[in-house]
Amino acid sequence: MYLVLATSGRTLTATRVDAAGAVVGEPAVENLAAFVAQTQAAQPDTRWVWHDTAAWYPSLLEARVRVNRCFDLRLCHAILRNSVFTRESTLARARAGSWDALAQAGHAAPVDPLRPQHSTLFDFDDDAQKVADGELDVLAEFLRQLDAVATSREAGRLQRLLSAESAGALIAAEMRFAGLPWSAQAHDEILTEMLGPRPSVDGERPAKLQALVDEVRLRLDSPRLAPESPAELLRALSVAGIQATTTRSWELKQLKHPVIAPLLEFKKLQRLMTANGWSWLDSWVVDGRFRPDYVPGGVVTGRWATSGGGALQLPHLIRGAVRADPGWKFVVADASQLEPRILAAMAGDRGMVAAGASGDLYEGIVASGAVDTRAHAKLAMLGAMYGATSGESGRLMPRLARAYPQAIALVEQAARAGERGEVVSTQLGRSSPPGKHAAAYDDSQSPAQRAASQERGRSWGRFTRNFIVQGTAAEWALCWMASIRNRLSQLSDNAWLTDAPHLVFFLHDEVVVHAPAELADSVAEHVTAAAADAGRLIFGDIPVTFPLTTAIVDRYDHAK
DNA sequence: TCTGAAGGCGCC
DNA sequence: AAAGGGCGCCTTCAGA
Numbered sequence: 012m013y014l015v016l017a018t019s020g021r022t023l024t025a026t027r028v029d030a031a032g033a034v035v036g037e038p039a040v041e042n043l044a045a046f047v048a049q050t051q052a053a054q055p056d057t058r059w060v061w062h063d064t065a066a067w068y069p070s071l072l073e074a075r076v077r078v079n080r081c082f083d084l085r086l087c088h089a090i091l092r093n094s095v096f097t098r099e100s101t102l103a104r105a106r107a108g109s110w111d112a113l114a115q116a117g118h119a120a121p122v123d124p125l126r127p128q129h130s131t132l133f134d135f136d137d138d139a140q141k142v143a144d145g146e147l148d149v150l151a152e153f154l155r156q157l158d159a160v161a162t163s164r165e166a167g168r169l170q171r172l173l174s175a176e177s178a179g180a181l182i183a184a185e186m187r188f189a190g191l192p193w194s195a196q197a198h199d200e201i202l203t204e205m206l207g208p209r210p211s212v213d214g215e216r217p218a219k220l221q222a223l224v225d226e227v228r229l230r231l232d233s234p235r236l237a238p239e240s241p242a243e244l245l246r247a248l249s250v251a252g253i254q255a256t257t258t259r260s261w262e263l264k265q266l267k268h269p270v271i272a273p274l275l276e277f278k279k280l281q282r283l284m285t286a287n288g289w290s291w292l293d294s295w296v297v298d299g300r301f302r303p304d305y306v307p308g309g310v311v312t313g314r315w316a317t318s319g320g321g322a323l324q325l326p327h328l329i330r331g332a333v334r335a336d337p338g339w340k341f342v343v344a345d346a347s348q349l350e351p352r353i354l355a356a357m358a359g360d361r362g363m364v365a366a367g368a369s370g371d372l373y374e375g376i377v378a379s380g381a382v383d384t385r386a387h388a389k390l391a392m393l394g395a396m397y398g399a400t401s402g403e404s405g406r407l408m409p410r411l412a413r414a415y416p417q418a419i420a421l422v423e424q425a426a427r428a429g430e431r432g433e434v435v436s437t438q439l440g441r442s443s444p445p446g447k448h449a450a451a452y453d454d455s456q457s458p459a460q461r462a463a464s465q466e467r468g469r470s471w472g473r474f475t476r477n478f479i480v481q482g483t484a485a486e487w488a489l490c491w492m493a494s495i496r497n498r499l500s501q502l503s504d505n506a507w508l509t510d511a512p513h514l515v516f517f518l519h520d521e522v523v524v525h526a527p528a529e530l531a532d533s534v535a536e537h538v539t540a541a542a543a544d545a546g547r548l549i550f551g552d553i554p555v556t557f558p559l560t561t562a563i564v565d566r567y568d569h570a571k
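All residue numbers for the first sequence refer to the working numbering, where the first residue is 12 and numbers rise by one.
Quick caveat, the hints were computed from the structure, so don't treat them as lab data. Mixed in with the good hints, there may be bad ones.
[Unchecked claim] Cross-link-like lysine to aspartate or glutamate pairs, in silico, DMTMM-like; alpha carbons within 25 Å at most:
(1) K279 with D336
(2) K267 with D213
(3) K389 with D345
(4) K278 with D345
(5) K278 with D293
(6) K571 with E215
(7) K279 with E99
(8) K267 with D293
(9) K571 with D532
(10) K278 with D568
(11) K447 with E226
(12) K264 with E243
(13) K267 with E215
(14) K571 with D552
(15) K264 with E403
(16) K278 with D213
(17) K447 with E433
(18) K278 with D371
(19) K571 with E204
(20) K219 with E200
(21) K264 with E276
(22) K219 with D293
(23) K571 with E423
(24) K571 with E529
(25) K389 with E433
(26) K447 with E466
(27) K278 with E243
(28) K219 with E239
(29) K278 with E239
(30) K219 with D199
(31) K219 with E204
(32) K389 with E521
(33) K278 with D298
(34) K264 with D225
(35) K571 with E374
(36) K264 with D293
(37) K279 with E226
Please build the complete structure, drawing on both the sequences and the hints.
This is the structure we're talking about:
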């Protein structure tokens, strides 16, 4: 049963819709949170339909009401609009409209971490709500989406994708609500240890950073050098007789000169301070919690993005600041070699699936005799999935193609399709954006123009090659998290979200659950079982395994 | 003085 | 060691 929520003027409407898309009731709603809670108590499998989870759900969570299942029309519209599986649908063939604008806008507005994103449901300053009120017909859009799925030859896959995408939206809102436990004191200790004490004057360098600057200036005989300026640094290096074309660390690493070591150290610490230093701490950690702004579906491949706080780039250097509450633990789990396993399963490559069965896919590839070392196996796989053409990775790739012809053929086909300007799709039916870079042979082009156009085509081919793997891995991760969420809420039997085990962090192929210590073992078992659930949801019963590395720890940096 | 591109680097 | 996919964020720097 679906319940479609919408605002009309200042009133709230709810429309009950059955599985076939027929309207079967319009219950009156006085208080949304109470309505949701009561409805779910009577019918736990109700699926709430709304235009944007990020607009509706935070205020429900503030009222201590969780939603079991939802249908996020904004995210699902973006999928159905592009998918080759719904190409012929009314929804896909319609002219661009306000739902496309909403999907495109995402929720790009920067978020003030000190305040919830939407203080009330009727905050008419919010763009998404304005659109909802003025131009979006929520019920009509929902029926169009149901129709697009029902008329598709791949309705089952799409249903699973839309359901996983929507569950992801709920999880993102819940993780932001709960926050990642963060010790500001531990963070400050890390910074103090590495950089020196926090300067009392703004703009002043911490002692250890200043000492490195002094040493760099001395070694380059350049007393006023500002080493954070690439242009200045390049000039100073040149004067000192060092031939560098850029100031990138990996290029500097090749060079032999007394300035290189302190310079690299300076760059590392400078990066730490500007990206995750004291000012980051001040703006993103409040009351012992880091609340990043996740953006589900923010990447074309279906991966999540973030729009503040940089949660998906959290450096290993500061993960020691992530501390479980007293009496609680973190259950940290990451999927081993997720993308190669996804590729093996998508291609139905029995050899590669078998290579992964023992637990370490790369060792399995070595054991098959295709390459000689684990490092080479990894390099060759990365080359296959990213489209390496040169270097060691490019040289190793052909050996992989001989050993695992089906898996390699799948990514090669995706690359060729992209080069021809065609669309490719993930396992559940998220399609790549239309290609603009089909290699065209035009006699009027100069050889240089033709070469440039071919390179654009190849570049788009590398994108589509990677798209099918990265996108399907993202689907696996969404299914994994959705299953974890379901299992955890059953485990905790109606306890409120943050009083029971709950997801607090997600990083593409890795999750962190914050759990009371006595439940940690049980949570770890459910997280492992959920990985098997995800494999079945996406690939059915083929015998592919998705092993996890799991740890129960007090601090995130102790997980590996 | 503001804005957008580019350099650089963190994560997967 | 560093070619190949996807990002976000901070800084510098050039141009309006």
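*Any hints this thing doesn't respect? Which numbers, in order?*
Violated: hints 1, 2, 4, 6, 7, 8, 11, 13, 14, 18, 23, 25, 33 and 36.
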